[in-house]
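Q: All chains should be modelled from the sequences, with the hints used to inform the complete structure.
2 protein chains.
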Amino acid sequence: MAAYLLLVRKLTRSRWGCVVRGKNAAGSVSPSPDRPLHFSTRPAMEKQRRSPRESSDFRRKKRFDVLRNSCVLKPKTTEEVSKILSFCNDNRIAVCPQGGNTGLVGGSVPVFDEVVLSTSLMNQIYDINDTSGVLICQAGCILEVLDEALADHGLMMPLDLGAKGSCHVGGNVSTNAGGLRLLRYGNLHGSVLGVEAVKADGEVVDLLSTLKKDNTGFHLKHLFIGSEGALGIVTKVAVQCPAKPKAVNLAFLGLESFDMVLKTLKKAKQDLAEVLASCEMIDESTLSVCTENLKLRSPLPDYPFYMLVETHGSNNDHDQEKLNAFLEDVMSQGLVLDGTVTNEVSKMRTIWDLRERITEGFIHDGYVFKYDVSLPIENFYSLVPVMRERLANDDVVRVSGYGHLGDGNIHFQVSVREFSQDILKKIEPFVYEYTSKLRGSVSAEHGIGFRKPKYIHYSKSPESIQIMKQLKKMFDPNGILNPYKVLPK
Amino acid sequence: MAAYLLLVRKLTRSRWGCVVRGKNAAGSVSPSPDRPLHFSTRPAMEKQRRSPRESSDFRRKKRFDVLRNSCVLKPKTTEEVSKILSFCNDNRIAVCPQGGNTGLVGGSVPVFDEVVLSTSLMNQIYDINDTSGVLICQAGCILEVLDEALADHGLMMPLDLGAKGSCHVGGNVSTNAGGLRLLRYGNLHGSVLGVEAVKADGEVVDLLSTLKKDNTGFHLKHLFIGSEGALGIVTKVAVQCPAKPKAVNLAFLGLESFDMVLKTLKKAKQDLAEVLASCEMIDESTLSVCTENLKLRSPLPDYPFYMLVETHGSNNDHDQEKLNAFLEDVMSQGLVLDGTVTNEVSKMRTIWDLRERITEGFIHDGYVFKYDVSLPIENFYSLVPVMRERLANDDVVRVSGYGHLGDGNIHFQVSVREFSQDILKKIEPFVYEYTSKLRGSVSAEHGIGFRKPKYIHYSKSPESIQIMKQLKKMFDPNGILNPYKVLPK
Numbered sequence: 003m004a005a006y007l008l009l010v011r012k013l014t015r016s017r018w019g020c021v022v023r024g025k026n027a028a029g030s031v032s033p034s035p036d037r038p039l040h041f042s043t044r045p046a047m048e049k050q051r052r053s054p055r056e057s058s059d060f061r062r063k064k065r066f067d068v069l070r071n072s073c074v075l076k077p078k079t080t081e082e083v084s085k086i087l088s089f090c091n092d093n094r095i096a097v098c099p100q101g102g103n104t105g106l107v108g109g110s111v112p113v114f115d116e117v118v119l120s121t122s123l124m125n126q127i128y129d130i131n132d133t134s135g136v137l138i139c140q141a142g143c144i145l146e147v148l149d150e151a152l153a154d155h156g157l158m159m160p161l162d163l164g165a166k167g168s169c170h171v172g173g174n175v176s177t178n179a180g181g182l183r184l185l186r187y188g189n190l191h192g193s194v195l196g197v198e199a200v201k202a203d204g205e206v207v208d209l210l211s212t213l214k215k216d217n218t219g220f221h222l223k224h225l226f227i228g229s230e231g232a233l234g235i236v237t238k239v240a241v242q243c244p245a246k247p248k249a250v251n252l253a254f255l256g257l258e259s260f261d262m263v264l265k266t267l268k269k270a271k272q273d274l275a276e277v278l279a280s281c282e283m284i285d286e287s288t289l290s291v292c293t294e295n296l297k298l299r300s301p302l303p304d305y306p307f308y309m310l311v312e313t314h315g316s317n318n319d320h321d322q323e324k325l326n327a328f329l330e331d332v333m334s335q336g337l338v339l340d341g342t343v344t345n346e347v348s349k350m351r352t353i354w355d356l357r358e359r360i361t362e363g364f365i366h367d368g369y370v371f372k373y374d375v376s377l378p379i380e381n382f383y384s385l386v387p388v389m390r391e392r393l394a395n396d397d398v399v400r401v402s403g404y405g406h407l408g409d410g411n412i413h414f415q416v417s418v419r420e421f422s423q424d425i426l427k428k429i430e431p432f433v434y435e436y437t438s439k440l441r442g443s444v445s446a447e448h449g450i451g452f453r454k455p456k457y458i459h460y461s462k463s464p465e466s467i468q469i470m471k472q473l474k475k476m477f478d479p480n481g482i483l484n485p486y487k488v489l490p491k
Numbered sequence: 003m004a005a006y007l008l009l010v011r012k013l014t015r016s017r018w019g020c021v022v023r024g025k026n027a028a029g030s031v032s033p034s035p036d037r038p039l040h041f042s043t044r045p046a047m048e049k050q051r052r053s054p055r056e057s058s059d060f061r062r063k064k065r066f067d068v069l070r071n072s073c074v075l076k077p078k079t080t081e082e083v084s085k086i087l088s089f090c091n092d093n094r095i096a097v098c099p100q101g102g103n104t105g106l107v108g109g110s111v112p113v114f115d116e117v118v119l120s121t122s123l124m125n126q127i128y129d130i131n132d133t134s135g136v137l138i139c140q141a142g143c144i145l146e147v148l149d150e151a152l153a154d155h156g157l158m159m160p161l162d163l164g165a166k167g168s169c170h171v172g173g174n175v176s177t178n179a180g181g182l183r184l185l186r187y188g189n190l191h192g193s194v195l196g197v198e199a200v201k202a203d204g205e206v207v208d209l210l211s212t213l214k215k216d217n218t219g220f221h222l223k224h225l226f227i228g229s230e231g232a233l234g235i236v237t238k239v240a241v242q243c244p245a246k247p248k249a250v251n252l253a254f255l256g257l258e259s260f261d262m263v264l265k266t267l268k269k270a271k272q273d274l275a276e277v278l279a280s281c282e283m284i285d286e287s288t289l290s291v292c293t294e295n296l297k298l299r300s301p302l303p304d305y306p307f308y309m310l311v312e313t314h315g316s317n318n319d320h321d322q323e324k325l326n327a328f329l330e331d332v333m334s335q336g337l338v339l340d341g342t343v344t345n346e347v348s349k350m351r352t353i354w355d356l357r358e359r360i361t362e363g364f365i366h367d368g369y370v371f372k373y374d375v376s377l378p379i380e381n382f383y384s385l386v387p388v389m390r391e392r393l394a395n396d397d398v399v400r401v402s403g404y405g406h407l408g409d410g411n412i413h414f415q416v417s418v419r420e421f422s423q424d425i426l427k428k429i430e431p432f433v434y435e436y437t438s439k440l441r442g443s444v445s446a447e448h449g450i451g452f453r454k455p456k457y458i459h460y461s462k463s464p465e466s467i468q469i470m471k472q473l474k475k476m477f478d479p480n481g482i483l484n485p486y487k488v489l490p491k
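So the protein lines, in turn, are chains U and E. For the first sequence, this note's numbering begins at 3 and goes up steadily by one. For the second sequence, this note's numbering begins at 3 and goes up steadily by one.
In case anyone wonders, no lab produced these hints; they're calculated from the structure. Computed from a prediction, not measured in an experiment: that's the story for all the values here. One or more hints might be untrue.
Identical chains share a label here; the pair holds if one copy fits it or two copies do between them.
Unchecked claim - Using 25 Å as the maximum straight-line C-alpha spacing, the simulated PhoX-like pairs for lysine-lysine come out as follows: (1) K269 / K248; (2) K265 / K246; (3) K248 / K265; (4) K456 / K427; (5) K456 / K439; (6) K439 / K491; (7) K248 / K349; (8) K491 / K372; (9) K471 / K456; (10) K456 / K475; (11) K491 / K471; (12) K428 / K456.
A: This is how it looks when you write it as C-alpha cells:
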C-alpha cells in the first residue's frame with residue numbers, strides 16, 4: 003500500500019501544475035481558499051470537447067492507453083482504494099475511476115491528468131450461491147468471466163453487452179449498463195442487491211446486502227448505480243443472477259414498416275410473454291453496413307425493417323411451440339413478411355453478428371455522428387425520417403436507426419464521408435431538442451461522461467440537476483472524483 | 003387551495019402548542035434559534051413507544067382514524083401538495099404523508115399532531131399504454147383499482163399485497179412494498195420507471211419518466227422509493243406493468259423438514275424457471291392459526307412445513323406440464339410428502355386464504371410479538387428453533403414462522419395469551435442481534451416507520467446512517483416531513 007501512495011506522491015509532485023487542487027470540478031465545487039486553483043484547465047478541456055472526432059465518436063478512442071505522463075493505480079482491495087482516495091482527497095488530487103474502459107462517453111478516461119484508479123486487479127469472486135442465485139464479487143471482475151463462472155452453477159448474469167469480454171462489473175454498475183437482456187431480466191437497479199463503495203474521503207460505505215428485501219432506511223445503493231463514479235467508487239457488488247436458460251431460440255424477421263414493427267412487438271409480448279428475452283430492431287440502412295461494408299450474409303432478402311426476437315426458456319418444446327404460434331400469428335396478419343428461426347448456436351451467432359457488428363460496420367462509411375436515445379415507443383423510430391428530411395440536401399452516406407426496441411432505446415446515427423461542422427449543426431442540438439420534447443432521454447444507456455454534461459438539461463429538470471449538484475457536494479466536497487463529468491458547470 | 007391553507011392555519015393556530023416548530027425531527031435537524039422549540043414532545047412520544055400493544059402489534063391500530071384534534075388535508079393535485087408543503091415548511095408545521103394507511107410500522111400515522119396530508123383524492127389514472135405496458139397515475143390510486151383498470155389492457159400491477167383493496171400506489175412506492183409477486187416481477191426499484199415528488203419546501207421534482215432506460219445523471223427517483231415520505235411526498239408514478247398471465251396454477255405441498263423446503267425451492271427455480279411466480283412457506287404451527295383459530299380447511303393433513311408454489315404463464319398446457327414434472331421430481335426424491343395442485347379460482351382462493359389470513363388468525367391467540375426479517379436463505383427458518391429453545395420454559399402459545407421463502411423474507415412471531423414484559427425482553431433485542439449477525443434485515447418489507455428507528459443500526463452501518471441523516475438534512479432542512487420516523491435520534 004505504501005508503494006501506491008508513494009507512487010501517487012512522486013508522480014503528482016513531479017507534475018504538480020497538472021494536479022487538480024480544489025478545482026471547480028463538475029461545476030459543483032468552489033475552489034478552496036487555502037488550496038487555490040493552480041491553473042485554468044478550461045482551454046484544454048474545451049479543446050478536447052471541440053475535437054469533432056472525440057466529441058462525436060468516442061469509440062475511436064474509447065480505450066485508455068496508459069500515457070507516458072499518466073499515473074495508473076491498480077489496488078487489489080477495498081482498503082487500498084480507501085487509502086488512495088483518502089490521500090487524494092487530502093491532497094486535492096483528482097481521480098478517474100476506470101473499469102474495463104469500454105464506455106462510450108469518456109466517463110472512464112482522464113480529461114487532464116487525473117490519477118487513474120483502475121479496478122483491473124480487483125477480480126475476486128467471493129461467492130456464488132446455488133440456492134439464492136446471488137453472486138458476490140469485486141468490482142473488477144470481467145462480465146464474461148462472471149458469466150462463465152456462473153454457468154457452472156446453472157446461472158448467468160442478468161446483463162449482456164457487446165463489451166462483455168473486457169468490461170468490469172463495477173463499471174456496469176457505476177454506469178447502470180443496459181444491453182441485450184434488459185427486456186427480460188430488468189435493469190441493474192432491480193438486480194443489484196448490494197454494493198460496497200468508497201467515498202471521495204476514503205470512507206467505505208458497506209451496502210453489500212445479499213437480500214432481496216431490505217427496507218431499513220433510505221435506499222442508498224442506488225446512488226452508486228449509474229452515477230459514473232462521481233459519488234464514490236464501487237468496490238464490491240452482490241448481484242441476483244437468473245437461471246441460465248436451457249433453451250434459446252432466435253427469430254430474424256423482415257417487415258414492411260415501423261407500424262408493423264410496433265404491432266409485432268406487441269404480439270411478441272403477448273404470445274411469447276414469459277420466454278421473450280430480447281426484441282431488437284434494425285432498419286434496412288443500418289443492416290447494409292453489415293452486408294455491404296462488412297460483407298456479412300443476411301439470411302433474409304432486403305426489407306425496410308428487421309427484428310431479432312430471442313426467447314429464453316426452460317423447455318425447448320414449449321418455447322418453440324410459443325414461437326411458432328407467434329410467427330403464424332404475425333405472418334397470417336401480414337405484420338411480418340419473411341422470417342427465419344433457429345436454435346443452432348452457429349446460426350444464432352451469424353444473426354447476432356448482424357446486430358452486434360453494426361458499430362464496426364459504420365466505421366467504413368467514414369465519420370459517424372452517433373446518438374443513444376430513449377423515446378416513447380410510438381416515437382421510437384420517428385427521429386430517423388425527421389432527420390432524413392432535415393438532411394435531404396446534404397452529402398450524407400446514411401441516416402439510420404437500430405436498437406433495443408423492447409426497451410424503447412434507439413441507437414441513431416448519421417454517417418458522412420468526412421466530418422462536417424455544417425452537418426453537425428443541423429443534427430445538434432436538434433436531436434436533443436426533439437428527444438426532449440417527447441420526454442425522451444438524451445442518453446439511454448451510455449451515460450453522460452464528459453461528452454454530455456452540457457446536454458443533461460434536455461432530459462432532466464433544473465430542480466433535478468440542482469439536487470444532483472447538492473449530492474455531489476455532499477459526497478465529494480472537494481470534487482476529486484471523476485471531475486468535469488456527469489454534471490454541467 | 004386557499005381553503006386548504008386556511009384550514010391549516012386555523013387548526014394549527016388554535017392548538018399552537020402542538021405544532022412542531024424547528025423540532026429535532028428524525029434526530030437530524032437542530033432547533034432553529036429564531037424558531038424555538040415550543041414544547042418537549044419526547045414524553046408523549048416515549049409513551050406511545052412504550053405502549054406494548056402499539057409497539058409490538060401495529061395491526062391492531064393500523065388504521066388512522068381522523069381524530070377530533072387532527073387536521074387532515076386532502077389535496078387533489080401536485081400543485082396543491084406543493085402549496086401545502088411550502089406553507090408548512092415556512093411555518094415549521096410537521097406533516098405526516100398518508101396513503102391507504104395500511105402500513106405496519108406507523109409510518110403513515112401522526113405521532114403527535116402533525117398535519118396529515120392524505121393522498122386519498124389524488125386518484126387519477128392518466129394513461130395505460132398497451133404497447134409499452136406503462137401506467138401513469140396519481141399517488142392516491144388504490145392498488146386493486148389499478149389492477150382492475152390494467153386488466154382491461156391485458157396487464158397487471160407488478161406487486162400484490164394483502165392490503166391491495168385499500169393501499170395507495172404512492173404508499174407502495176414510498177415504502178418500497180414487496181408482497182407476493184416479487185419473486186417473479188422484481189421490486190419497485192426495478193419496475194417504477196418514474197416518480198413525481200414534492201420536497202419539504204414545496205418544490206416539485208419531476209422525475210416522471212416513462213422510459214426503461216435513462217442514464218442522464220444520478221438516479222434520483224430511488225431516493226423517493228422506500229424513504230417513507232421522509233425526503234418528499236410522491237405525487238405521481240409511472241410503473242412498468244407486466245402482462246396479466248393467461249394461466250395461473252397453484253400447488254400446495256406438505257414437507258417433513260426445512261432442509262426439504264430448501265431443496266424444493268431450488269428445484270422449483272430450476273424446473274418452473276420462467277413461470278414461477280410465488281414461493282411461500284408456512285410452518286405447521288402457523289398454519290394451525292388458520293385451521294384451529296379460524297376453522298379454515300386445509301386440503302392436506304398435518305405436516306411440519308407447507309409450501310405454496312404458484313405459476314404464472316401464457317400457456318396453461320405448458321405450465322401444467324412443467325408443474326407436473328416438478329412435482330414428480332420432488333416427490334420421487336422424497337422432498338415433498340404430499341400435495342395438491344389446482345387452477346380453479348375458488349380452490350386457489352381457499353389455499354391462499356391459508357396464507358393471507360394468518361395475521362387475522364394470530365389475533366385469536368392473544369397478544370402477538372411480530373417481526374418481519376430477511377435472512378440469508380440457508381438461515382431462513384433458523385430463528386424459529388433458536389427462539390423456541392430460548393422460550394422453552396415460558397408460557398407462550400406458539401413460536402412460528404411463515405413468509406416469502408423465494409425472497410428470503412420470513413414473518414416470525416411469538417404469540418402469548420397476554421403481553422409480557424419478561425417475554426419481550428427475551429425476544430428483543432435478541433431477534434435483532436441474531437438477524438444482524440447473519441447480515442439479515444430487521445425490516446424486510448414493512449419499513450422503519452416510528453416503530454423501528456432505534457433498531458436500524460442492526461441492519462445499517464454507522465456510515466450509512468450518517469449519509470441518511472445528511473440526505474434528510476439536504477432534502478428537508480426543517481425536518482417537517484414525517485418527523486420522529488425512519489432515522490434514529
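Q: So, for every hint listed, does it hold in this structure?
A: Status of the hints after comparison with the structure:
no., hint, verdict
1, K269 / K248, "both (24 Å within a copy, 14 Å between copies)"
2, K265 / K246, "between (29 Å within a copy, 18 Å between copies)"
3, K248 / K265, "between (28 Å within a copy, 20 Å between copies)"
4, K456 / K427, "within (15 Å within a copy, 58 Å between copies)"
5, K456 / K439, "within (17 Å within a copy, 47 Å between copies)"
6, K439 / K491, "within (23 Å within a copy, 45 Å between copies)"
7, K248 / K349, "within (17 Å within a copy, 32 Å between copies)"
8, K491 / K372, "within (24 Å within a copy, 51 Å between copies)"
9, K471 / K456, "within (14 Å within a copy, 31 Å between copies)"
10, K456 / K475, "within (19 Å within a copy, 29 Å between copies)"
11, K491 / K471, "within (10 Å within a copy, 27 Å between copies)"
12, K428 / K456, "within (18 Å within a copy, 59 Å between copies)"
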